[in-house]
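Student: One-letter residues, chain by chain:
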Amino acid sequence: MSEHIVSPKIYVSVFLALLVFTGLTYSIALINLGPFNAIVAITIAMIKSLLVILFFMHVKYSPKMTKVSIISGFFFLLILLGLSMTDYISRPWAGSFSKAAQQDTQQR
Amino acid sequence: MSDSQTAVHVLKHHFRDMEQQNETASFGMWLFLVTEIMFFGGLFCAYLIYRVLYFDSFAAASSTIDVKWGAINTAVLICSSLTMAMAVHSAALGKRKALVGFLVLTIILGGVFLGIKGKEYYDKFEENHVPGSNYHFIVEPELAHKFHAIDPAKTEIFFSLYFIMTGLHATHMVVGFGLLLWLIIASMKGKFSPGYYSPVEMVGLYWHFVDIVWIWLFPLLYLISRHH
Numbered sequence: 390m391s392e393h394i395v396s397p398k399i400y401v402s403v404f405l406a407l408l409v410f411t412g413l414t415y416s417i418a419l420i421n422l423g424p425f426n427a428i429v430a431i432t433i434a435m436i437k438s439l440l441v442i443l444f445f446m447h448v449k450y451s452p453k454m455t456k457v458s459i460i461s462g463f464f465f466l467l468i469l470l471g472l473s474m475t476d477y478i479s480r481p482w483a484g485s486f487s488k489a490a491q492q493d494t495q496q497r
Numbered sequence: 013m014s015d016s017q018t019a020v021h022v023l024k025h026h027f028r029d030m031e032q033q034n035e036t037a038s039f040g041m042w043l044f045l046v047t048e049i050m051f052f053g054g055l056f057c058a059y060l061i062y063r064v065l066y067f068d069s070f071a072a073a074s075s076t077i078d079v080k081w082g083a084i085n086t087a088v089l090i091c092s093s094l095t096m097a098m099a100v101h102s103a104a105l106g107k108r109k110a111l112v113g114f115l116v117l118t119i120i121l122g123g124v125f126l127g128i129k130g131k132e133y134y135d136k137f138e139e140n141h142v143p144g145s146n147y148h149f150i151v152e153p154e155l156a157h158k159f160h161a162i163d164p165a166k167t168e169i170f171f172s173l174y175f176i177m178t179g180l181h182a183t184h185m186v187v188g189f190g191l192l193l194w195l196i197i198a199s200m201k202g203k204f205s206p207g208y209y210s211p212v213e214m215v216g217l218y219w220h221f222v223d224i225v226w227i228w229l230f231p232l233l234y235l236i237s238r239h240h
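First to last, the protein sequences are chains R and P. Residue numbers 390 to 497, in the numbering used here, belong to the letters of the first sequence in order. Residue numbers 13 to 240, in the numbering used here, belong to the letters of the second sequence in order.
Excised from the complex, chain P in its bound form:
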């Protein structure tokens, strides 16, 4: 009874029924995500071109990054995707407490991710690997032996792309925090029901998309050439 009341309340007059409204919301969100694919796609294209042109410099620069933190962050983000999926699941079943709990877990895991990212950025500052006037790349003998054509100037291109790509990804995470906070407040107020939880599902799509971007950034930035 209460479900159908909520459903009637949230159905906009220009939709036939809730199913049509939900499918439209999901389709619109996907159209936005397709533009996001092209947004990140431009950066991936720039990365690909420079990686092909200056492979040795890119591989050398990549191997100075501590792969441990990148791998941990990948696992953290995959965990947050699971908790987000479970939040959508709880919303669909009308379990309000579980919904709030999973949303809070998602935001905590996102915070852990950004904390680790901040630690990595700090390390880059310490190593003078932040592009700019203080940039300095020392070619260790071990690196020079493994990669023959290292040009320190070209490693700066790698780190420029590293900061732009991970920075844009982190910006998306921060936006995700805002969305999750909004969902937590709305779900505590009891705004969602099995008949109406589109906002939870849409933020879920956004969060998973951000996860997919990281799934690509991890091998492309951290694992170019790790063998000895």
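Chain R extracted, bound-state conformation:
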């Protein structure tokens, strides 16, 4: 890690890119894009996080084991968010199912 010294030029470019993306996410939020507002906000936040992780946190120059560990961390976060949301989003769909099941048991 200490072997690779990142030049301040890269730090300043990343810093400027982060500021530009902050301005971008704010100005796009003022335009009505329907569901795409959330998608754009999340995409920009992902790009900003990636810039910080790769350059400020030196992950671009880190050993593979560190990279794999970080990716696994985000993978488990995705499982947490993804599986929770499949549950909550699909609950209303089950409404008609459970009614049909109830009628079925009553008939028997």
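Among these hints, one or two may not hold up.
Quick list of in silico lysine-lysine cross-link-like pairs, BS3-like style, CA-CA up to 25 Å [claimed, not checked]:
| hint | chain 1 | residue 1 | chain 2 | residue 2 |
| --- | --- | --- | --- | --- |
| 1 | P | Lys109 | R | Lys398 |
| 2 | P | Lys107 | R | Lys398 |
| 3 | P | Lys24 | P | Lys203 |
| 4 | P | Lys131 | P | Lys80 |
| 5 | P | Lys158 | P | Lys203 |
| 6 | P | Lys129 | R | Lys453 |
| 7 | P | Lys166 | P | Lys107 |
| 8 | P | Lys80 | P | Lys24 |
| 9 | P | Lys166 | P | Lys136 |
Honestly, the hints are just simulated from the structure, not real lab data.
Use these hints to put chain P onto chain R, whose structure you have.
Tutor: Coordinates of chain P only, in the frame set by chain R:
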């Protein structure tokens, strides 16, 4: 000569060389940060579920927050991340004065962030937007026109998450202050050299992580639905 002496001095006996020791420190710090991802992840998950269930109430509550302060704070925190990165850079080159200077700048910018955060919290108290017995959310006609299904009780859930998430983030900043103070004292005593600056690098990783959390909190809490 002095560099290699420091390096020999700080190398723990169970490591082969400084490179292995540094990589181990960095890896261990990242494992801690991965647990932090899950720590904040639980809150982000709660936020996501309630935002999907009560979108209109969340959007209405979010649009009562003054976005200006959130945007300024985002810029302040990005600046502090740059000064932190430059502190690590100075440490790697053995520039002690620059190291202390950048660490002090980082702590000042962190203080500005928390000051603005305190002003925002104060505004929430004034508006009765702090969850609890005094919570009161007035649905302005403009809001009612834009978001049809506003339930004031559900806006309280938004503000509960707002305070827990920004509060936990602010707590991390306060911990960061302690770490930075420790680094400033140690670097003034000349404890770091190009051969040994792991503590600076590790605190840097922590500080950048806290920055990333804010990078997500800003659009999620302030920018849900801002168009007219």
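Student: Hints the structure violates: just list their numbers, smallest first.
Tutor: 5, 6, 7 and 8
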